[in-house]
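K.L.:
The whole structure should be built from the sequences, with the hints applied where relevant.
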Amino acid sequence: MFQTLYSYFWWERLWLPANLTWADLEDRDGRVYAKASDLYITLPLAFLFLVVRHLFETYVATPLAGLLNVKEKVRLKATPNAVLEKFYAATTKHPKQADVEMLSKKSGCTVRQVERWFRRRRNQDRPSLLKKFREASWRFTFYLLAFIAGMAVIVDKPWFYDLREVWKGYPIQSMLPSQYWYYMIELSFYWSLLFSIASDVKRKDFKEQIIHHVATIILISFSWFANYIRAGTLIMALHDSSDYLLEMFNYAGWRNTCNNIFIVFAAVFIITRLVILPFWIMHCTVFYPLDLYPAFFGYYFFNFMMVVLQSLHIFWAYLIIRMAQKFITGKVVEDERSDREETDNSEEEEEAAKNGPLSNGHPVLNNNHRKTD
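If you read the sequence shown in the UniProt record's numbering, its first letter stands for residue 1, the second for the next number, and so on.
Check before you lean on any hint, since a few could be wrong.
Heads up, simulated BS3-like pairs for lysine-lysine below, C-alpha to C-alpha not over 27 Å straight-line [as the list claims (entries may be wrong)]: (1) Lys93 <-> Lys202; (2) Lys204 <-> Lys131; (3) Lys93 <-> Lys105; (4) Lys96 <-> Lys77; (5) Lys77 <-> Lys168; (6) Lys77 <-> Lys35; (7) Lys71 <-> Lys131; (8) Lys93 <-> Lys204; (9) Lys131 <-> Lys35.
Everything labelled a hint here was simulated from the structure, so no lab data went into it.
P.N.:
Following this line, the structure appears as structure tokens:
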């Protein structure tokens, strides 16, 4: 049975155009082609990335946080209470007003005390500002270096300037050493993100992040198997622009710097993800191959996964536009994906008394001090 599944999985009609076989992609005459076995190394490399990340966050990001004056607010701990803790762990972290009143009677606390207890208990579970900063620093550093490496790989290639060159001679396109290492590093990094996602800072777009990582791993792997390497390098380089520099300065409380960077980030994101990717890159992968061969399963599958990624880009663009609206109206630029730390001030307690417990997930990149640079 396993052999049957294996044979069906690697059936040439799934991966390659008609009249082509895996024998056509065997190394010969000085030509080297991508092989599925090449990707085995990405799993141990992913764990190596996790080790490097730990060392980076400990010996680079943490001292950098001190230099940038990233400070933690003292969090008031919730008073031990078995009744409230059981409800918090087993039922919900956000009790409704009726639940609050019921818990007040069971625990012997006032309604205000129950509301305050849940706010403080939720804050205890939130990641620290230092953890957020270190994570953002690591990703920013990788994406910056990966973008530089990606541009070095593709900038001197003819398909960087003429997208029809992406498919010239396909699939008889020899793999270059620079392409090999670019693929191995990128795929290993995304595996490491998937492995660490449970312990990383959880945002409101947690599910979308999982979909993104899985879709990216599938796309990178498929493009390697099917020798879509030229298109793959273009897509990866385009994706290695991110908002992590924006996050770093926001965690550091550098308001003006963050606002200025946000303008650049928003422009880069919109141009690369909503203009270049769909109207150039996806146009290249959807229409140009049909000039060479009839559509086949791999063609549909690859472009379907591209549509999945593009859907996520549209979702994140929506969040960026919401941030831009706040920026235009003079409000602080805040990450729509992030979680706000709740406070115990009297105004919030009054609001809680009227409307029930404060909701989690308010989109604020919270910091407890703001500098105007």
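K.L.:
Could you work out which earlier hints the structure fails to respect and list their numbers in ascending sequence?
P.N.:
5, 6, 9
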